[in-house]
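In order, the protein sequences belong to chains A and B. Sequential numbering from 1 applies to the first sequence in our numbering. Sequential numbering from 213 applies to the second sequence in our numbering.
These are computed hints drawn from the structure, not numbers from a lab. Keep in mind the model is a prediction, meaning the values are calculated, not measured. Glycine included, C-beta positions come from ideal geometry on N, C-alpha and C. Be a bit skeptical, because a hint or two may be false.
[As the list claims (entries may be wrong)] Rough simulated footprint, nothing fancy, chain B against chain A, three-plus residues with beta-carbon under 8 Å:
1) 53–67
2) 77–86
3) 89–102
[Stated by the list, open to error] The calculated label-pair distances, taken between Cβ atoms and stated as ranges, are:
4) Gly238(B) - Asp169(A): 30 to 38 Å
5) Thr267(B) - Leu20(A): 52 to 60 Å
6) Asn46(A) - Gly377(B): 27 to 35 Å
7) Ser139(A) - Leu373(B): 28 to 36 Å
8) Gly342(B) - Thr61(A): 26 to 34 Å
9) Thr166(A) - Asp439(B): 18 to 26 Å
10) Gly22(A) - Thr258(B): 51 to 59 Å
11) Gly72(A) - Leu373(B): 32 to 40 Å
12) Leu185(A) - Glu294(B): 34 to 42 Å
13) Arg13(A) - Gly238(B): 44 to 52 Å
14) Leu20(A) - Arg375(B): 20 to 28 Å
15) Asn46(A) - Ile329(B): 31 to 39 Å
16) Thr61(A) - Thr267(B): 52 to 60 Å
Listed below are the residues making up each chain.
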Amino acid sequence: MTPAFSAPSHCLRAEGLEALRGEVMLFEGLELTLNSGQVLQVDGPNGAGKTTLLRTLAGLTLPEAGEVYWDGEPIRRNRAAYAEALNYVGHQHGIKAGLTVLENLQVYQKLTGGNGDPVEALVRMGLERQLHNPGYTLSAGQRRRAALARLLLRPAPLWIIDEPYTALDVHGVALVDQLVREQVLAGGMVVLTSHQRVELSDLPLLRLRLGS
Amino acid sequence: MNQPAMLPAFFGLLRRDLLLAYRARGETINPLVFFVLVASLFPLATSAEPNLLRTLAPGVIWVTALLATLLSMDQLFRGDYEDGALEQLVLSPQPLALMALAKIVAHWLVTGLPLTIVAPLLAMFLQLPGEAYGALMLSLLCGTPVLSAIGSIGAALTVSLRRGGILLSLLILPLYIPVLIFAASAVDAAAHGLPVTGQLLLLAALAVGALTLAPLATAAALRISLD
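Next comes chain B alone, as it looks inside the complex (with noise of 0.2 Å):
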């Protein structure tokens, strides 16, 4: 028998998703444009004065990229669900975990890796000090993978509902706050000049469970949701 190959799947899969992500660039850069937007705005919202500033800065940073993420969560499943791909993929051959794996490694690139790589340039508006800069980095590349894993989740228990979008917060918004309780501590260490490795290495750990739990959560959730 021709059984295809698991990894050609997940990778046309993802390279799929990418594809489309690209395709569709206008509506892939809102969350990055959301991000940007909200964070620049606390200067102008609150004072430009910089020690101010700088304590909100790591609290503001997280807050806008998980709310970014979250905006974007809603979208995972959608359209695979209403064009019916989504069905295809649950009767593929293939397991569905790895399947939901490769959505969310797309949709990591697509929305977390972004928001990591302009990050920077927002700790700069918010008068971040310079030694912060790498565990910021650090925290959002560990830290949004969890975001991606863990709402895909929420997105695939919810895709089959009209107006899933609040509840998928509901569902999801409680299961970010431990991502957000340690990095947005990480980067608020190391702002005073304190180690964080515990911090990053927590951090680490959840993305390592979430991405190898998240997926069997998600394709459970979505064989219910196609039910």
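The shape of chain A in the complex, shown without the other chains (with noise of 0.2 Å):
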């Protein structure tokens, strides 16, 4: 698998972020630094604000104090640029229940270019058989699945993944790491989530944890 996505080196760092949940400080003077060819896994217990911190970096939340950097940028000042770099599966899977498997994926792909075939991404996370069938009708594992596909379909540096083993049987988390560690080998950066140990250990991987 060649990189598709022309990577000098790029960079993503976070100073002094904070987020608050209502009234109480999820993190504060939060300070991070990820180069090309590195894995960051949050970890930390639940409510620790994990989903909010990914949430920050790719941009959706606001931070209260602080600020999100791509390549020494702040994020909300080149929003265009920097969407062009991320590639992003929430808590949410944002598959569509009315649509079959592979609209979603063709939509999506509408939505933020790219060249890979859906269909292949969809065979790679083993969907073979549910191409055609509608969203609703799949399971909280396949679903992950499909949202995972996305990632496939786009070359992207930075990929910011919430949980993604959530659900997943042992051969989606082996499929999950398999796709982390060709980013990463490809010169991209891969921020996720997990309260799994993850087994990437070959992998240069920071770890943050919070709420401790």
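Bring the two chains, given one by one in their own frames, into a single complex with the hints.
Written out as structure tokens, the structure is:
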């Protein structure tokens, strides 16, 4: 697999991030730097702010304080460039119940570009028999697989994936590990949250523990 | 870099929404059913006196069309919000306002346009004089896109609230009033054989303005709602 994005080195950096949920401080003064070819695993107990941190890094949530930089530029000031660089798979799967699995991916591709083959991506995720099934017939694990298939449609230097292992079986987990590995070896970077032990010890893995 | 083109994205999202609307036909025709039911109850509830109905007709048809649109507005972004598709939209490299416009156009195609098409039927129930049919259709054709466009701002602002329906109505109903006044007055004037060009041009101007500006406001509101 060739790195399809022209990747010199990229850098995701957060400075002095602070987030509140209601009146509760989730984290403050959070600093992190992630370079090409690195994985950041965010862990911590339920409610520690993992999803909030990922949404902040993706630019969906504005931090109370601090700033997220992509290649040295604040992400809120060059949204378009950051959107080009980012593949985000959130906590919610974003799979429309009324569309078939394949239609879901085709629409996503229209929105984000990319020249990956949707059928190929779904076959890779083990959904070859569900291609033409509507979203509402999928199990939770299959839905997650379909959501993760989006990662294969468009090469992007940065992946932010919230709980990629949730609801996946053993093969699914291994598959996600494999995708992450390929992304990192191609010079990309990955931010993910997980309660589980991540079997990626062969990769440059940074750990961030929230709520301790 | 593989910069995704804007037009395929626009039509991709438009087609997606139309497809979803088609597959959920039962729900999609709700506003239309409401429109027909309510407007056809008026002759029963008031009187079959043609002169009275003729006086009421422009107002009844327009108020009902407005409420039918309002009822459907809450659903505009709700589904996408709940399943996470909205996050994907916001994070896609497309201008969010353009995506909002695609959703507005899709909404109009499945609510405003059908309302416009069945309106002559209701006009017949309500004894509207023949010469006012053209003005009625044109006023709906220009007015309903304004309703969809302005409604999308309210829908975007209230999408993250669990019970946003009432708030949505309170927010956008006042903004619908100008459309209601000009449109009903156009139909009324036509029924009396008066010229209606002024009102229709104003409605058309409102439509152009709303379709240009509302997507920008909707995009900003969506970002706030997702925060």
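Structure-based check of all given hints:
1. 53–67: Result for this restraint: holds, n = 5.
2. 77–86: holds (count 4)
3. 89–102: holds (count 10)
4. Gly238(B) - Asp169(A): 30 to 38 Å: About 35 Å separates the Cβ atoms of glycine 238(B) and aspartate 169(A), which means 30 to 38 Å holds.
5. Thr267(B) - Leu20(A): 52 to 60 Å: Given range 52 to 60 Å: holds, Cβ gap about 57 Å.
6. Asn46(A) - Gly377(B): 27 to 35 Å: Roughly 31 Å apart at Cβ, these two residues keep to the hinted range, so it holds.
7. Ser139(A) - Leu373(B): 28 to 36 Å: Given range 28 to 36 Å: holds, Cβ gap about 30 Å.
8. Gly342(B) - Thr61(A): 26 to 34 Å: 57 Å, violated
9. Thr166(A) - Asp439(B): 18 to 26 Å: The hint (18 to 26 Å, Cβ to Cβ) holds, given that threonine 166(A) and aspartate 439(B) are roughly 24 Å apart.
10. Gly22(A) - Thr258(B): 51 to 59 Å: 52 Å, holds
11. Gly72(A) - Leu373(B): 32 to 40 Å: 37 Å, holds
12. Leu185(A) - Glu294(B): 34 to 42 Å: Holds, at about 36 Å.
13. Arg13(A) - Gly238(B): 44 to 52 Å: 50 Å, holds
14. Leu20(A) - Arg375(B): 20 to 28 Å: Distance hint for leucine 20(A), arginine 375(B) holds at roughly 24 Å.
15. Asn46(A) - Ile329(B): 31 to 39 Å: 52 Å, violated
16. Thr61(A) - Thr267(B): 52 to 60 Å: 54 Å, holds
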